[in-house]
Amino acid sequence: MNIIEGLKYSKDHEWVRAEGNKAYIGITNYAQLELGDIVYIELPSPGDKFEAGDVLGVVESVKTAADVYSPVSGTVVEVNEELAESPEKVNEVPYESWFVILEMDDPSELENLMDEEEYGRYCIEEGK
Amino acid sequence: MDRKLIFEISKEGRKAYSLPACDVPETDIETLIPPEYLRKSEPDLPEVSEIDLVRHFIGLSKLNHSVDTGFYPLGSCTMKYNPKINESLANLSGFAKVHPYQDESAVQGCLGILYNMDMMLAEITGMERVSLQPAAGAHGELAGLMIIKAYHESRGEYNRNKIIVPDSSHGTNPASASVAGFEVVEVKSNGHGCVDVDSLRSVLNDNVAGLMLTNPNTLGLFEESIVEIADLVHEAGGLLYYDGANANAILGISRPGDMGFDVVHLNLHKSFSTPHGGGGPGSGPVGVKKELVPFLPTPVVEKNEDGYYYLDYDRPKSIGRVRSFYGNFGVVVKAYAYIMSLGADGLRKVSEAAVLNANYMMHKLKKYYHLPFEQPCMHEFVISGQKQKEKGVSTLDIAKRLMDFGYHPPTIYFPLIVKEAMMIEPTETESKETLDGFIEAMVQIAREVEEEPETVLNAPHGAAVSRLDETRAARNPILRWKD
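If you read the sequences in order, they're chains A and B. Going by the working numbering, the first sequence opens with residue 18, and the numbers climb by one from there. Going by the working numbering, the second sequence opens with residue 23, and the numbers climb by one from there.
Keep in mind that the hints are not guaranteed to be accurate.
Below 25 Å or equal to it, Euclidean Cα-Cα: the simulated BS3-like pairs (lysine-lysine) are [to be verified]:
| no. | chain 1 | residue 1 | chain 2 | residue 2 |
| --- | --- | --- | --- | --- |
| 1 | A | Lys80 | B | Lys184 |
| 2 | B | Lys210 | A | Lys28 |
| 3 | B | Lys389 | B | Lys371 |
| 4 | B | Lys339 | B | Lys389 |
| 5 | A | Lys66 | B | Lys454 |
| 6 | B | Lys312 | B | Lys325 |
| 7 | B | Lys504 | B | Lys37 |
| 8 | B | Lys62 | B | Lys26 |
| 9 | B | Lys119 | A | Lys80 |
| 10 | B | Lys441 | B | Lys454 |
| 11 | B | Lys325 | A | Lys80 |
| 12 | B | Lys106 | B | Lys454 |
| 13 | A | Lys66 | A | Lys39 |
| 14 | B | Lys184 | B | Lys339 |
| 15 | A | Lys80 | B | Lys413 |
| 16 | A | Lys80 | B | Lys441 |
| 17 | A | Lys80 | A | Lys39 |
| 18 | A | Lys28 | B | Lys339 |
| 19 | A | Lys28 | B | Lys411 |
Treat the hints as calculated values from the structure; they're not laboratory data. This structure is a prediction, so every number in the text was calculated from the model and none was measured.
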């Protein structure tokens, strides 16, 4: 399944790595496996504000297109431009391929997300 | 397979034409067109003889799969057979050679067809009037949503800026709502792919302009709570929009108007047997209930007491034109021919046979493939390749293998709420033998997955080309022959 310890996970299969007030956000290994080969990624712009649950971007694979949701609220401080050029990175190294860095409004929102154990169980349920 | 591009068979100087010598004085082109508009180099066009040209394109056309050459079970899109009489009638010179600027008095027959079609589609859907202008389904959606918007604004309710769509809806629904300037609110579906009434209740308020629904839904299941849903949306002051993509299941049996819908679009190129896809053009008439008639696109064809048809432009509340002239008239004629040749009883039989065929196939296939929703379906059904996926064979592989049996694969990986989805719609025209042939192929593939998965994983074996690198094609598309 390949889930990383110490990250937080959403029900929509995004991961969050918190560093102080900053949140790195990407999609999980489970998500990239379900999507298949990713061919295009639409990212927001620095300065964009999102509430938890808002659509942050779009991933398009050969199979389907899917929205990426922001697991926490905040303002975009940086986007990973490299992904726009090389979307296959998300398939190859999903947990290194962050989409955006958000300045979180309220880091306590992280507590609403799952830890690696809860997420692992969640994926097994989803797969059924 | 070694199939060359037309550019690759080109030989300098070869021609597929022979023109007589010019018998008028030649003029230097630069005296006619300013030099800045003239290209500097010759266009790089292929040069081939007539026979090579004909063989090249006939050869390509033979690679096509079409409903005239084989079974085509594409779900959610009703790719049905187009009876040839439709074409013959639409080709009559009185239809094919009229000009849209002809005087009303000279095209009374054509206007009569538009008027009668409006009436017939209104009767079929339970609406008051129907505009035939929209050129496709999504265009009908846009026109319908503009009508909903105009209606709310005419009542001073400018705050109604939200359209609700279920998460299983056709992708065009949220897209059209967004283009029409609405904010899209998604509601979750329940375990049967139907609207979850409690989720719906929680998003209804006085900002809601309407709800868009396909019934039967994208899983081919009838929305059982439709009357309750309609009441809830109406109580909140919203309107109900019916996406007619799946109308093939209900013709002559139930009517969106009676279910509580206020606006309906139909796809003549789906339910009414006019050409679809590359063979179009399409036609997506939009129908409305009485209180919305003033907002329909202009012009509307009307008939006076003497039976004379005329174009009514005097409609101050109209959303205006949504297409030049009167829509895709030739398509309307074909659909008109279809309705007239079947009659009311025939249309009902279309839907009955479409639903029966789908249920027969679903029942036969559920022993071999996972059936996520164990209940009778309407005109189409969804099965899942989940069992096969556990053996390492995906739905994509199954679809590729079906091509070896001479079938066009069904829609796969849609709807998104079913994993490894295969969505199958046989339509009403197929015989039991054809259905059994497809079922046999699917059963054989299921057996191959168990016994010789390589056969499925490496399919197709008989197609002109096998697995193409879709990922590379999408990531690095080469859109020109050469730079």
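Against the 25 Å threshold, does the CA-CA distance of B:Lys389 and B:Lys371 hold or violate the hint? Distance of about 28 Å is beyond 25 Å: violated.
Between B:Lys106 and B:Lys454, is the straight-line Cα distance small enough, at 25 Å or below? Holds. B:Lys106 to B:Lys454 sits at ~22 Å (cutoff 25 Å).
Could you grab the alpha-carbon distance between B:Lys210 and A:Lys28 and see if it respects the 25 Å cut-off? holds (14 Å)
Restraint check for A:Lys66 with A:Lys39, where alpha carbons must lie at most 25 Å apart: holds (14 Å)
Restraint status (C-alpha distance of A:Lys80 to B:Lys413 at most 25 Å): Between A:Lys80 and B:Lys413 the Cα gap is close to 20 Å, so the pair holds against 25 Å.
Given the hint that B:Lys62 pairs with B:Lys26, test it: the Cα-Cα distance must not exceed 25 Å. Violated, because 29 Å separates the two Cα atoms, which is more than 25 Å.
Given the hint that A:Lys80 pairs with A:Lys39, test it: the Cα-Cα distance must not exceed 25 Å. This hinted pair is violated, its Cα atoms lying about 32 Å apart.
Restraint status (C-alpha distance of B:Lys339 to B:Lys389 at most 25 Å): It is violated: about 56 Å lies between the C-alpha atoms, which goes past 25 Å.
Taken at face value, is the distance from the CA of B:Lys339 to the CA of A:Lys28 at most 25 Å? Measuring from Cα to Cα gives roughly 46 Å; hence the hint is violated.
Does B:Lys119 pair with A:Lys80 here, judged by a C-alpha cut-off of 25 Å? violated (44 Å)
Measure nothing beyond the straight line between the CA atoms of A:Lys80 and B:Lys441; if it is 25 Å or shorter, mark the hint as holding. holds (12 Å)
For a C-alpha distance cap of 25 Å, please report whether B:Lys325 and A:Lys80 respect it. Outside the cut-off at roughly 50 Å; violated.
Checked against the numbered hints above, the structure violates hints 1, 3, 4, 5, 8, 9, 10, 11, 17 and 18; every other hint is satisfied.
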